[in-house]
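Since chain X is already given, all that's left is putting chain E on it; use the hints.
Just so you know, the protein sequences line up as chains X and E, in that order.
Note that the numbering used here has the first sequence beginning at 1, numbered continuously upward.
Note that the numbering used here has the second sequence beginning at 1001, numbered continuously upward.
Hints are computed from structural coordinates only; laboratory data are not their basis.
Don't take every hint at face value.
Label pairs and their computed distance ranges (CB to CB) [what the hints assert, rightly or not]:
{"no.": "1", "chain 1": "E", "residue 1": "Ala1110", "chain 2": "X", "residue 2": "Arg31", "range": "35 to 45 Å"}
{"no.": "2", "chain 1": "X", "residue 1": "Gly59", "chain 2": "E", "residue 2": "His1112", "range": "10 to 20 Å"}
{"no.": "3", "chain 1": "X", "residue 1": "Val49", "chain 2": "E", "residue 2": "Ile1081", "range": "19 to 29 Å"}
{"no.": "4", "chain 1": "X", "residue 1": "Leu6", "chain 2": "E", "residue 2": "Tyr1104", "range": "17 to 27 Å"}
{"no.": "5", "chain 1": "E", "residue 1": "Asp1108", "chain 2": "X", "residue 2": "His8", "range": "16 to 26 Å"}
{"no.": "6", "chain 1": "X", "residue 1": "Trp54", "chain 2": "E", "residue 2": "Pro1071", "range": "35 to 45 Å"}
{"no.": "7", "chain 1": "E", "residue 1": "Ile1024", "chain 2": "X", "residue 2": "Tyr40", "range": "31 to 41 Å"}
{"no.": "8", "chain 1": "X", "residue 1": "Leu55", "chain 2": "E", "residue 2": "Phe1097", "range": "31 to 41 Å"}
{"no.": "9", "chain 1": "X", "residue 1": "Gly59", "chain 2": "E", "residue 2": "Thr1044", "range": "44 to 54 Å"}
{"no.": "10", "chain 1": "X", "residue 1": "Leu58", "chain 2": "E", "residue 2": "Ala1032", "range": "38 to 48 Å"}
{"no.": "11", "chain 1": "E", "residue 1": "Leu1098", "chain 2": "X", "residue 2": "Ala48", "range": "27 to 37 Å"}
{"no.": "12", "chain 1": "E", "residue 1": "Lys1143", "chain 2": "X", "residue 2": "Gly59", "range": "36 to 46 Å"}
{"no.": "13", "chain 1": "E", "residue 1": "Lys1100", "chain 2": "X", "residue 2": "Gly53", "range": "28 to 38 Å"}
Every residue gets a Cβ at the ideal spot worked out from N, C-alpha and C, and that includes glycine.
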Amino acid sequence: MPKLSLSHFEMSLLFALLASVALGITGKGTRTEQFRYAIYCFGSFVLAVFGIGWLMYLGHG
Amino acid sequence: MAEAAKPQNPSAGKATVAEKKNWIAPVLATWAIPGSGYFMLGKTGRGGLMMGVSVVMFLLGLMMRGTFFEPRNEDLLTTVIYTGGYLCHLASGGLYFLAKAFGYSAPDVAGHVVDYGTKMIVGAGLVNVLSLVDVFEIATGKKQ
Chain X
1 MPKLSLSHFE MSLLFALLAS VALGITGKGT RTEQFRYAIY CFGSFVLAVF GIGWLMYLGH
61 G
Chain E
1001 MAEAAKPQNP SAGKATVAEK KNWIAPVLAT WAIPGSGYFM LGKTGRGGLM MGVSVVMFLL
1061 GLMMRGTFFE PRNEDLLTTV IYTGGYLCHL ASGGLYFLAK AFGYSAPDVA GHVVDYGTKM
1121 IVGAGLVNVL SLVDVFEIAT GKKQ
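Just chain X, same shape as in the assembly (with noise of 0.2 Å):
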């Protein structure tokens, strides 16, 4: 099996895409709102992956 190796913001997003994918089609009804959810949980992790990234450089000093 390759073995993959990427960057931590790369390898975030790519987390943050597929969960938003599952949490759109599980968590509403029709397929609009399934759309809107999922891209509203992707913004959602990409904010949290800049605010969290933000305050540990921060914390660190």
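Structure of chain E alone, referenced to chain X:
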């Protein structure tokens, strides 16, 4: 009229019991092969996407050389993490047992790639738990 209505009730009752039992096969199928329960319920689009997410997440985890958790009985945090991780692996069903059958085993080494791989594998199990609940709700008519 009351006598004519009586024979309909037992058959209606049987249909309801049968409908309630119908969730077992799709839920078991989803556990064994992620997403397959949706296909049994005629939700092919959802099934394809959920199967894709579970399988891709699990395979990415393997490609990142993520490790499999084994249950440990040490301090509380270690027990929760390792036993919880193992339960998530079990929730992946067929994917986990297939990887084990093919002899997949990666050492738990320090590094962000391996760490993300482990989380991807655990995530695949959690996604399958979402699928199991969703399939159950669709099969029992609580959700469309």
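Against the structure, the hints:
{"no.": "1", "hint": "Ala1110/E with Arg31/X: 35 to 45 Å", "in the structure": "holds (43 Å)"}
{"no.": "2", "hint": "Gly59/X with His1112/E: 10 to 20 Å", "in the structure": "holds (18 Å)"}
{"no.": "3", "hint": "Val49/X with Ile1081/E: 19 to 29 Å", "in the structure": "holds (22 Å)"}
{"no.": "4", "hint": "Leu6/X with Tyr1104/E: 17 to 27 Å", "in the structure": "holds (20 Å)"}
{"no.": "5", "hint": "Asp1108/E with His8/X: 16 to 26 Å", "in the structure": "holds (19 Å)"}
{"no.": "6", "hint": "Trp54/X with Pro1071/E: 35 to 45 Å", "in the structure": "holds (37 Å)"}
{"no.": "7", "hint": "Ile1024/E with Tyr40/X: 31 to 41 Å", "in the structure": "holds (33 Å)"}
{"no.": "8", "hint": "Leu55/X with Phe1097/E: 31 to 41 Å", "in the structure": "holds (39 Å)"}
{"no.": "9", "hint": "Gly59/X with Thr1044/E: 44 to 54 Å", "in the structure": "holds (47 Å)"}
{"no.": "10", "hint": "Leu58/X with Ala1032/E: 38 to 48 Å", "in the structure": "holds (47 Å)"}
{"no.": "11", "hint": "Leu1098/E with Ala48/X: 27 to 37 Å", "in the structure": "holds (32 Å)"}
{"no.": "12", "hint": "Lys1143/E with Gly59/X: 36 to 46 Å", "in the structure": "holds (42 Å)"}
{"no.": "13", "hint": "Lys1100/E with Gly53/X: 28 to 38 Å", "in the structure": "holds (35 Å)"}
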